[in-house]
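**Q** Residues per chain are reported as follows:
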Amino acid sequence: MNVLAMILDGAKVVMTLMPITLEAAIKLKALFAKSGTNYTVEIREMQDQAVADANSTEALIAAWKKEHGYV
Amino acid sequence: MRTRKQVALVAMVALLAATLACTPQDAAFQVNRTVAAISTANLAMASSVIQLNGLGKIDNDLTNQILNYNRDVATTVKASVVILQSGKQWNVIAPQVLALLRSVQLPPNVATFVKQPAVDVGVQALVAVIQTVELLIKQSMVEVQK
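In order, the protein sequence lines correspond to chains E and S.
For the first sequence, the numbering used here gives the first residue as 1, with consecutive numbering after it.
For the second sequence, the numbering used here gives the first residue as 1, with consecutive numbering after it.
What the hints contain is simulated information worked out from the structure, not anything from laboratory work.
Keep in mind the model is a prediction, meaning the values are calculated, not measured.
Just to be clear, a hint being listed does not mean it is correct.
What the hints assert, rightly or not - For lysine-lysine, the following DSS-like pairs were computed, each having C-alpha atoms within a straight-line distance of at most 25 Å:
| hint | chain 1 | residue 1 | chain 2 | residue 2 |
| --- | --- | --- | --- | --- |
| 1 | S | 138 | S | 57 |
| 2 | S | 88 | S | 78 |
| 3 | E | 34 | S | 115 |
| 4 | E | 34 | S | 88 |
| 5 | E | 65 | S | 146 |
| 6 | S | 138 | E | 34 |
| 7 | S | 146 | S | 57 |
| 8 | S | 88 | S | 138 |
| 9 | S | 57 | E | 66 |
| 10 | S | 138 | S | 78 |
| 11 | S | 88 | E | 65 |
| 12 | S | 146 | S | 115 |
| 13 | S | 57 | S | 115 |
| 14 | E | 66 | S | 78 |
| 15 | S | 88 | E | 27 |
| 16 | E | 12 | E | 27 |
| 17 | E | 12 | S | 57 |
| 18 | S | 57 | E | 34 |
| 19 | S | 88 | E | 66 |
| 20 | E | 29 | S | 78 |
| 21 | S | 146 | E | 29 |
| 22 | S | 138 | E | 29 |
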């Protein structure tokens, strides 16, 4: 594989993964910015986010497994 | 051999964990926060694996095993939240959440994959995310035992 092909391949991967990691980084930043001053509300928000992300993860996995015959 | 980016990411997470450990908030708040962080990182991990599989960087069988781990983590997160919302005393909740977190294990093939040196930038990023999820789980176990 020549250098240009390698760079293009790397760029394709980075461009694909960048939005995913960026979104995760923004969510994590917001999560760790929570101060605990509005204790009950903040805990509730964190729990809601945890469940929402877990549900999204399960949906992604189920769709991939179905598409690739792993069900 | 780890790349500089991986080392930087692991160092960042370790710093984050150390900051968390020093923050004067109670254990319940910290555990809720680390559980939410696990869930977010786990979603990013599953998305990355699927994208890399689509690009032909990771084969179907390894992708399936990594996704099985992601599913276990997602199940653990949801079960932990149910316990955390139960309204019971912290000394009752903590051992239950700890047992759940301890039950999540990286499948042997995936553990081997994580230890292997990766040339591809996407695979390196994925390995860093897997290590982040593992670190956050370990950090949650530390928090829940406080």
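**Q** Against each hint, give a clear statement of whether it holds in the structure.
**A** Cross-check of the supplied hints:
{"no.": "1", "hint": "138/S / 57/S", "result": "violated (28 Å)"}
{"no.": "2", "hint": "88/S / 78/S", "result": "holds (17 Å)"}
{"no.": "3", "hint": "34/E / 115/S", "result": "violated (34 Å)"}
{"no.": "4", "hint": "34/E / 88/S", "result": "holds (24 Å)"}
{"no.": "5", "hint": "65/E / 146/S", "result": "violated (39 Å)"}
{"no.": "6", "hint": "138/S / 34/E", "result": "holds (21 Å)"}
{"no.": "7", "hint": "146/S / 57/S", "result": "violated (41 Å)"}
{"no.": "8", "hint": "88/S / 138/S", "result": "holds (23 Å)"}
{"no.": "9", "hint": "57/S / 66/E", "result": "holds (20 Å)"}
{"no.": "10", "hint": "138/S / 78/S", "result": "holds (17 Å)"}
{"no.": "11", "hint": "88/S / 65/E", "result": "violated (37 Å)"}
{"no.": "12", "hint": "146/S / 115/S", "result": "violated (31 Å)"}
{"no.": "13", "hint": "57/S / 115/S", "result": "holds (17 Å)"}
{"no.": "14", "hint": "66/E / 78/S", "result": "holds (22 Å)"}
{"no.": "15", "hint": "88/S / 27/E", "result": "violated (28 Å)"}
{"no.": "16", "hint": "12/E / 27/E", "result": "holds (24 Å)"}
{"no.": "17", "hint": "12/E / 57/S", "result": "holds (12 Å)"}
{"no.": "18", "hint": "57/S / 34/E", "result": "violated (37 Å)"}
{"no.": "19", "hint": "88/S / 66/E", "result": "violated (39 Å)"}
{"no.": "20", "hint": "29/E / 78/S", "result": "holds (21 Å)"}
{"no.": "21", "hint": "146/S / 29/E", "result": "holds (24 Å)"}
{"no.": "22", "hint": "138/S / 29/E", "result": "holds (19 Å)"}
Consistency with the previously given hints fails for numbers 1, 3, 5, 7, 11, 12, 15, 18, 19, ordered from lowest to highest.
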